[in-house]
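Q: Residue numbers (the numbering used here), protein chains in the order written: chain A, -17 to 602; chain B, 87 to 269; chain C, 13 to 295.
Errors might be hidden in some of the hints.
[As the list claims (entries may be wrong)] Pairwise CB distance ranges (calculated):
| # | chain 1 | residue 1 | chain 2 | residue 2 | range |
| --- | --- | --- | --- | --- | --- |
| 1 | A | Gly343 | C | Pro219 | 37 to 43 angstroms |
| 2 | B | Ala253 | A | Ala135 | 49 to 55 angstroms |
| 3 | B | Ala253 | A | Asp557 | 51 to 57 angstroms |
| 4 | A | Ser349 | C | Phe290 | 52 to 58 angstroms |
| 5 | A | Leu443 | C | Ala100 | 51 to 57 angstroms |
| 6 | B | Val214 | A | Glu447 | 52 to 58 angstroms |
| 7 | A | Ala281 | B | Ala253 | 24 to 30 angstroms |
| 8 | C | Ala224 | A | Pro69 | 33 to 39 angstroms |
| 9 | A | Ala135 | C | Arg92 | 53 to 59 angstroms |
| 10 | A | Gly343 | C | Trp128 | 40 to 46 angstroms |
| 11 | A | Arg404 | C | Pro219 | 24 to 30 angstroms |
| 12 | A | Ala281 | C | Ala224 | 44 to 50 angstroms |
| 13 | A | Ala407 | B | Glu200 | 51 to 57 angstroms |
| 14 | C | Ala284 | B | Arg203 | 42 to 48 angstroms |
[Claimed, not checked] Sample of chain A residues with no beta-carbon within 10 angstroms of chain B, all distances over it, derived:
| # | residue |
| --- | --- |
| 15 | Arg16 |
| 16 | Gly24 |
| 17 | Pro69 |
| 18 | Gly79 |
| 19 | Arg567 |
[What the hints assert, rightly or not] If you only want the chain B side, here are some residues facing chain A, beta carbon under 7 angstroms, derived:
| # | residue |
| --- | --- |
| 20 | Ser96 |
| 21 | Ala253 |
| 22 | Ala256 |
| 23 | Arg260 |
| 24 | Ser266 |
Simulated from the structure, these hints should not be mistaken for lab results. Bear in mind the structure is a predicted one, so any value in this text is a computation, not a measurement. Even for Gly, the Cβ is constructed at its ideal location relative to N, Cα and C.
Chain residues, written in single-letter form:
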Amino acid sequence: MTALERDPSASAQAPRPAGAADPPRAGTPLLRVRDLAITHQGEDAATPAAVRFDVAPGEVVLLLGPSGSGKSTLTLALNGLIPNDVPADVEGTITVGALDAAAATVAVLSTHVGMVFQDPDAQLVTGTVLDEVAFGPENLRMPVSDVLDRAEAALRRVGLWERRGENPDRLSGGGRQRLAIACALAMGSPLLVLDEPTANLDPQGTEEVYAALAELVAAGDRAILLVEHNLDAAIGFVDRAVVLDQDGRLVADGTVDAVLRERAEELHEMGVWLPTSALAALRLRRAGFALDPLPLTPAELHAALEASPAPASAPLSTAKPPLLAEPTSDGTPVAHGFGEKGWSGRTEAHHLANPIITVRGLSVRRSRREVLHDIDLDVPRGEFLAIVGANGAGKTSLIQALAGVVPPPRGSVHVDGLDVGRADARTLASRIGFVFQNPEHQFIANTVFDELAHGLRRQRLSDAEVRERTEALLDRFGLTAKAQTHPFLLSGGQKRRLSVGTALVAGAPVLALDEPTFGQDRARADELLGLLRELNEEGTTVIVVTHDMQLVAEYADRMVVLADGRVLAQGATADVYADAELIERAGLRMPPLAQALRAVTRHPDLARIARLSDLPGGAA
Amino acid sequence: MASASRLSTSVLLTCAAIGVATGALSAGAGAISGPVSAAVPILYGLVLGVHVLPGVIAQELLRRPWVALITHLIAALVASAVVPLWIGRYIGTALLIGALQEGIAALGRYRRWEAWRFFVSAIVVGVVIAVPIWFAADVSRFPVWGQIVYIALFIVGPVAWTAVGLAIGAALRRAGVARSAQR
Amino acid sequence: MTATGPLLAAQVPRMAVDPYADAVTAAPVRFLYRLNPLAKLLAPVPAMVLLVFVRDLATPLAFLLLAYAVLLIGVSFTRRLALVLLLALPLGAAAIGFGFSLWTDPAHVDQSVVVWQIGSWTLYGGALVVGLATGLRIAAIVALALIAGLSTTGPDLVRSTVQQLRVPYRIGYTALAAFRFVPRFGHELEVIRQAHRVRGAHGGRGPFAAIARWSGYIVPLLAGAIRHAERVALAMDARAFGAHPDRTERHVVPFRARDVVFIALFLAASAAIFWVLFPWGLG
Ligand SMILES: Nc1ncnc2c1ncn2[C@@H]1O[C@H](COP(=O)(O)OP(=O)(O)OP(=O)(O)O)[C@@H](O)[C@H]1O
Ligand SMILES: Nc1ncnc2c1ncn2[C@@H]1O[C@H](COP(=O)(O)OP(=O)(O)OP(=O)(O)O)[C@@H](O)[C@H]1O
Ligand SMILES: [Mg+2]
Ligand SMILES: [Mg+2]
């Protein structure tokens, strides 16, 4: 991130009062929000409730808050989409430049507030990159020459001018999101509002988007209001943070130093997602490291650790043994944190003696092209396995073959003794459950109850038994109150739990999930992962495909790295991550924590830790 | 501004989504209509009836003026872009059926949406389509029973597909889709 | 407001056709590409309507020749054109003609020639002629429709409905945005089918199982489609879509003198054919 090197003094000022002396920021704020409370139609509580803050020209403001605190709602209100497009009751005032948002139309506000949404595909309207950027200015009835000037300027700023003639479909996810940024720039608005712009992107796409944003910030002519859960990438160029609590009330508004560094503990407790490095630092502080100010990026954490002496009070040796130490014979769980049954607790030989899935010589063709070549793989029983790889590496093809979603060649895949290539759907469902990326795709019944009962009825169980087992599952997944609700009416997190439930109901010992956290907010992702860990601890073998390297580090016992349809590496997670060069070669990134700790020379015990839970200080 | 401008962008795009999704079905119908009209021409009405779907679903879900016509029109424009071969046919059918469905709904002043109104438009659509095809296919040369079955199926087709459309619309309402666009 | 169905376009299998693709560049003699889509669409309409009421063989044949001539000169000669004009259309016409002749009531036709006899059922030459006339008629109507179909791109058609027919531009641009829905929904349908298959929804063979299966796909497909559409609508409104009664148009699809000439010539040719062959005097 180029912006990491920004002058920290720029963000170290006290909260700026409106009309501060700073020359480029003089005058009225770009955005002034006062006592804003928004109640969606059909809801009874306002989220956000009573929020006030300003955004000055050129400023970068991060809007934080737990899921459901009303961040998206707030952003939609800034350019009038609420209440004009999405019915809601709006109290308080929003002043954009000199305009009162309540009195202006969305079209007028759009020239003051540019929006970038989460899903790049949902922002495409036309057939070429150039037409796409021109779409906004054309709607404003600008003369053709002005439209083209603006489009060119905007495209050059995000580095897409050379590709102006192409269909946006050809761009990568990150490219399409940069295009969305260009479209917002072309509206000429001095304030850019981005709502989780990288939630749908893989690591590469995320990097592209933040590189583009960093350049915008460096130019300093636009103010940015950013809602983002991926703080690791964003924190580098943020000036100020505004924080909402669960009920949508304002709890903090100040510089990054004043809010994120000083009040990190408090925010973490509220359910606000913090950068991985900050979470790690909080833990290390508890273990006695002097890390002040709180580091927020891997680079800062690295530097702070190198500058800090090892704590006297809590020697590292009482913490969990460092990874890849000699396996302990008993594998007794350590008292704190998760990951009790980590790699150190078992031996490789013990696992591999009894694999639940064996893959031998698996090749998969899609549209006459071979996309997986001669894969050999063993998945030990009861493990948490992650499959990673760059886009197009063949992860989805592999996991679909394992689960029989796309039947593999006969004899190449066995799950619990069953040849997947020959099995019928019902037998297969009793061995392996598959959870699709979008839970709605796999719902087939009209109520939550029937959704779960479907798998049992197919096994021709008696009605009483179906009822009993379904109710047990509903209870287990916290869905009892929703038993008669239509599955589509559940919240996102509930839908996800239900989809996991439907995959498990037939009693399958293996659960396979394709990018289960893709495009989800942190709260939902954490909820799901907690559930998966629970199931895994009860003995279910869990296989996930994911792009989230920190997730792999935290949860997976083993990982498989795919590149170009071949297995580049497989083994215990720590072993694979130990080879930074291999990760790089596969087109992947090291998890943020490992980035920070990898080369720490002053504390060699920390250098090979990749999971937050393995850091000392977790007992607090 | 033209009357359609009172419809929000979200309603327009919802119509488009319905048009495209049902367009997949119409495309299927288009693919089998050739063989059907060659082998069992009297069944043609049953197949053709599928073209009422976009309008029925849009009206049942959104219950607003213009949505049937717009859904048909957008479905036709999109279908024409994908299979330009049939531009004329798509546009013609869309305008015809869409206008009929709008007309019948307008008679209820867009306030009453009882199922029978949908079935009346289905029957009208069936009759209106059957007439030109009667001449084009020279049905008067068929045996009398064939003529009766032929015409009957042109009525039965749209009616049956209207029932399907109403069921889909109701299911979507139950699933809480397009709440903010509904009335 | 969080998306439940994120989907990278990179995951969407490439579409066979790009609905936004520009018109082919072709030699100047391929004049159809340079005409307004509406001219190509409307000029054959009177002939198509009148053809419906024609019963002879010569008139549809004449229009078939006219349409073929216009197409063979007016659009680039490609494999696809050859397949459509030389294979699909004649075969289709023959099949439909034969099919209809089987259904024609033998009591009303010329029974002097017997073509085929199975038991008590006879196919008379007269029935074959009637069927053939129907096949030719339908083929002629289709061929006339192909004049626009084989030389027009979707976006140009949309633009000309906005620019000449005064269809509100918000509807036109909604259609342009909706072109993107096609591959996306197609991919989504594929995934839904896989998911339902894995869950064992409505297994079994036969038409009724198939109907049950397909009806299970419709609600998830439409629900996802409509939710996606609502997000696109927000993104469009956020870029001032519909702010003014009109908008700057960078792609002009003009209606020029040559379009008038084409329509006039085509109408004249149609009139001439009807005049010469006058197909209604014969009964
Ligand atoms: N269209 C809508 N109709 C009704 N209620 C809504 C709508 N959109 C959001 N809500 C509700 O408003 C509240 C705030 O939602 P919002 O999406 O703004 O939260 P958020 O802070 O963006 O959360 P996340 O981090 O999950 O994106 C939630 O309780 C949500 O259920
Ligand atoms: N239905 C299909 N038809 C043709 N090719 C396909 C199909 N599905 C996948 N492919 C190709 O197979 C290769 C592997 O695809 P796959 O979806 O398994 O990759 P992935 O690792 O899951 O990628 P991503 O990270 O983008 O999800 C890619 O090159 C892809 O383009
Ligand atoms: Mg949100
Ligand atoms: Mg994949």
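Q: Compare the structure with each hint and give your call.
A: Structure-based check of all given hints:
Look at Gly343/A against Pro219/C: about 39 angstroms separates their beta carbons, and that is inside 37 to 43 angstroms. Distance hint for Ala253/B and Ala135/A: a CB-CB separation of about 52 angstroms, consistent with the stated range 49 to 55 angstroms. Range check, Ala253/B to Asp557/A: about 56 angstroms between beta-carbon atoms, so the 51 to 57 angstroms window is met. For the hinted restraint 52 to 58 angstroms between Ser349/A and Phe290/C, the CB-CB distance of approximately 55 angstroms keeps it satisfied.
Between Leu443/A and Ala100/C the beta carbons are some 53 angstroms apart, a value that agrees with the proposed interval 51 to 57 angstroms. In this structure, Val214/B and Glu447/A meet the distance hint of 52 to 58 angstroms, their C-beta atoms being roughly 55 angstroms apart. In this structure, Ala281/A and Ala253/B break the distance hint of 24 to 30 angstroms, their C-beta atoms being roughly 59 angstroms apart. Between Ala224/C and Pro69/A the C-beta distance comes to about 37 angstroms, which sits within the given range of 33 to 39 angstroms.
At about 41 angstroms, the CB distance of Ala135/A to Arg92/C disagrees with the hint of 53 to 59 angstroms. A beta carbon spacing of about 57 angstroms between Gly343/A and Trp128/C contradicts the range 40 to 46 angstroms that was offered as a hint. Evaluation of the 24 to 30 angstroms hint for Arg404/A and Pro219/C yields a pass: the beta carbon distance comes to about 27 angstroms. Separation of Ala281/A from Ala224/C is about 58 angstroms and departs from the stated range, judged on CB atoms against 44 to 50 angstroms.
Against the hinted window of 51 to 57 angstroms, the Cβ-Cβ separation of Ala407/A and Glu200/B comes to about 41 angstroms, which falls outside the hint. The supplied range of 42 to 48 angstroms is met by Ala284/C and Arg203/B, whose beta-carbon atoms lie about 47 angstroms from each other. For Arg16/A, the condition that its CB be more than 10 angstroms from all CB atoms of chain B holds, with the nearest at approximately 26 angstroms. Taking the minimum C-beta to C-beta distance to chain B, about 8 angstroms, the non-interface status of Gly24/A is violated against the 10 angstroms cut.
Non-interface call for Pro69/A relative to chain B: violated, since the shortest CB-CB distance, roughly 6 angstroms, does not exceed 10 angstroms. Every Cβ of chain B is farther than 10 angstroms from the Cβ of Gly79/A; the closest lies at roughly 24 angstroms, confirming the non-interface assignment. Its beta-carbon lying about 41 angstroms from the closest one in chain B, Arg567/A satisfies the requirement of being farther than 10 angstroms from that chain. Taking 7 angstroms as the C-beta cut-off, the interface hint given for Ser96/B holds, the closest approach to chain A being about 6 angstroms.
Using the Cβ-Cβ criterion of 7 angstroms, the hint placing Ala253/B at the interface with chain A is not satisfied: the shortest such distance is roughly 12 angstroms. Restraint check, Ala256/B versus chain A: the minimum CB separation of about 11 angstroms is more than 7 angstroms; hint violated. Taking 7 angstroms as the C-beta cut-off, the interface hint given for Arg260/B holds, the closest approach to chain A being about 6 angstroms. Because the closest C-beta pair between Ser266/B and chain A is about 6 angstroms apart, less than 7 angstroms, the hint holds.
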